[in-house]
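Engineer: The residues making up each chain are set out below.
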Amino acid sequence: MNRSMRPLLATVAIFLVAYAAAVFQFPGLLSTRVLGNFLTDNAFLGITAVGMTFVIISGGIDLSVGAVIGFTGVLVAVLISSFGLHPLVAFAIAFVVAALFGAAMGLAIHYLEVPAFIVTLAGMFLARGGASVITQDSVPINNEFYTMISSLYFRLPGGGRLSFVGLLMIAVFVFGAILAHRTRFGSYVYALGGNATSASLMGVPVARTTVQIYMLSSVLACLAGIVFSLYTSAGYPLAAVGVELDAIGAVVIGGTLLTGGYGFVFGTFVGVMLLGLVQTYIIFDGTLSSWWTKIVIGILLFLFIVLQRLVFAASARGDRSSETA
Amino acid sequence: MRVSRYRQSLADNPRPFGSPLYAGQSVEMPILSRNGEPAQRRSRPYLHIIVLMLSTLHAVLGRNAARPREKILSILKKLALAAGIATALSSAAMAADMTVGFSQIGSESGWRAAETSVTKQQAESRGINLKFADAQQKQENQIKAIRGFIAQGVDAILVAPVVATGWEDVLSEAKEAKIPVILLDRGIDGPEDLYLTSVASDQVKEGKVAGDWLVGTVKDKDCRVVELQGTVGSTPAINRKKGFEEAIAGHSNISIVRSQTGDFTRSKGKEVMEGFLKAENGGKNICAVYAHNDDMAVGAIQAIKDAGLKPGTDILVVSIDGVPDLFSAMAAGEANATVELTPNMAGPAFDALAAYKKDGTMPPKFIITESKLYTPADDPKGEAERRKSLGY
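Quick note, the sequences are listed as chains A and B, same order.
Going by our numbering, the first residue of the first sequence is number 39, and it counts up by one from there.
Going by our numbering, the first residue of the second sequence is number 1273, and it counts up by one from there.
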C-alpha cells in the first residue's frame, strides 16, 4: 500500500470510529435527517475548503475566503433587493468580482513576492471592510427564484432532506477531485507545492498557476457566499467570520500537508464531515459548551500534524535507505 | 529574485511540463527534510509555528518514529477508549418527561449569561431535559443547532435569534416535524405561523415604568431631566425613549432638557454626563438623570461624584435593566430606581409550552414579560448578590 495514503486513511478511520462511537451513544445520529443535515449545514464550508485545498497543496494559504463569503452575500443581497436584478445576473457579477479579486491576490503574491499570508490577510480586510461599507445590517433577500432554490430538496426515506446546496457541495468536491488529480493544472499545483524552484525548472508556468489557484479559491468562496446567502436568505457583512480557519482546519484534518505538495480533495471532504460530526455531537449532547467544538478541532489538528510528521519522516528515511542500497 | 530565476529557467527549459504528478509524487521530499533551511514557502509565519509544535511533540512522543504504523494504531486505540469512556459517563443523563432544545445567541453580555443560567434553572425545576447550544453569535451555528434538535426529535425548541432574517427554511422544517418553536427575547422577520409564541419584554413599557416612577417621586416640584440615550437608531433606545416621554407627557413640571447618546456603555455614559454637568451650571440645574441602561447610569453616577455632587440625593438616577452593579450603587444610596429587564424569558415560555402540550391551548402570539421596578426598598444588596450568582 502506498505509504503516503496513510494520513487520508487515518482521517477516514477516525471519522468512522468517531461516528460509530457517537451513534452508539445517540442512535438518533444514524438517520437520513442527520446525514442530510451534514451536507446542507456544511455546504458553504465544504465548498470553501475545496478551494483552500488547492491553495494549501500549492504551498500557500488564503485567509480571505471568509470575508469573500460575507462580501458576496452582501453584494448579491443588495443587487437583488435594492437594484432589482435577477439572482442569476447578481451571481454572475459576484463571480466576476471574486475572480478579479483572486487574480489580484495571485498577481501580488507572485510578482511582488509577498507571502500569501500577508496578501490574503490584506484581502480579508478589504473584503470584510467592503462588505461593511455596503451595509451594516443584515439585508433580507425576498425573491421568488431565491426562495425556490433555497427550498429545493429531495426527500430521503426517514424524513431526511438532500438539499440543492448539499448536492452542489458534492458536485464541487467531484469537480475539485478531478481538477486536482486528473488535469494538468492539478499536477502543476502539486509541483508548485512540492518545490516551486524545481517546478519552474521543469517548466511549470508558475505565474499563471499561482494566479489561477487564488482565482479558483476566491471563486469557490464566492460560490460558498451564494450558498450561505441561500442558507440564511440574507446577506450579512459579518457572516462567516473565521470560516477561513475552519476551512484550513478541515483541509489539514483531511490529510493535506500545510507546507504543500501533498493532499487529497476527498480527504478535505472527510475533514469537513468530521467537523460537522463534532458540532452535531455537541448539539445532541446538549450539556457540553459549544466551545468544545474548538477544543476537539484543535486536538484533531494537532494529531494530524503529528501523524504527518511521523509518516513523512518515515518515508524520507525509506528514500534515503533505498539510495544507499 | 525569484521572478527572474523563474524567467531564466523557463527560457532554458521551454519544454512543457511532462507527465502529470499525482498526490504523493511530489517533486521533492516534502516538509521535514527542509526544516533547517530558509524554506521557499509563502506561508512562512505558519511554518515557524508548526515547526515549533512539531519539534515539541516529536520530543514528547519519542525520537524513534521508525514504526509509524504502531504509533497510529496506538493513537487510534486510545481514541476509541476515550470515546468509550465518554459514552459510559454520559449515558446516565436520560429519562425526563420532556426534552427541549435551546439555541442561545452566545454569552456576549452579562444579561445574556444570566438568561442562559435562568433558563437552565427553570428547566431543571420543571424536570425538563434541556439541550443547550451556544451559537457563538453566528446564525449558521443556530441553524445547525435547530436542525440538530429536529433530527433528535426534541419536544420543543427555544430560540433567541441572533438576527431577524433567514429563519423560514429551518423553522418550516421544525413545523413539518411538528416541533413547536418559541422565540425568546428577540423577534424574527417571517410568517407568524412558524413559531408558537414569542416571549419578549416591552421596551416602551420599560421606559414608561421609569417615567412613572419619576412622576410619582418628584410630584409637583419642577424637575429638569437629562437623558442618556442608547445607541442611536437601535430599537431599545427608540422604544425606551418613547415610553419615558409618554409617562412624563402631561406633567409640565418635568421636562427633558438635554438628551444625548451614551452608546449603552459605561465610559460613554460618564463622558456625556460630564458634559451635561458642565452645561447645567455644574449640575445644580439638573434634578434627575434617566439612562436607557444601567451601564450608562453607573458611568453617570461616577461623573456626578467627580463633580462633587451626591448621586441619588442631589441628582436622582433612574435607569433600565437591573444589573448587579446598579443594585450595588443603589445599596450605597447612589441610585434611585431601575426597571428590570428580566432574564427569565424561559419561565413564561415553558408555561406556555406545558399548556400547549397538555391540551393544545394556543398561547398568545406575543408574551410580554413583566417590567418590574426596583427601588432601594427592595433589598438592593441582596439583589446584587443574587444576580451576580446568575453570571451577570
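Honestly, I wouldn't trust all of these hints.
Some chain B residues judged to face chain A by a derived CB distance under 8 Å, without partners named [unchecked claim]:
{"no.": "1", "residue": "G1425"}
{"no.": "2", "residue": "N1525"}
{"no.": "3", "residue": "K1577"}
Calculated lysine-lysine pairs in the DSS-like style (CA-CA distance at most 27 Å, straight line) [claimed, not checked]:
{"no.": "4", "chain 1": "B", "residue 1": "K1660", "chain 2": "B", "residue 2": "K1644"}
{"no.": "5", "chain 1": "B", "residue 1": "K1542", "chain 2": "A", "residue 2": "K332"}
{"no.": "6", "chain 1": "B", "residue 1": "K1447", "chain 2": "B", "residue 2": "K1493"}
{"no.": "7", "chain 1": "B", "residue 1": "K1447", "chain 2": "B", "residue 2": "K1644"}
{"no.": "8", "chain 1": "B", "residue 1": "K1582", "chain 2": "B", "residue 2": "K1629"}
{"no.": "9", "chain 1": "B", "residue 1": "K1644", "chain 2": "A", "residue 2": "K332"}
Please keep in mind that the hints were generated in silico from the structure rather than gathered at the bench.
Glycine included, C-beta positions come from ideal geometry on N, C-alpha and C.
Engineer: Would you pick out the hints that fail for this structure and give their numbers low to high?
Structural biologist: 2, 3, 5, 6, 7, 8 and 9
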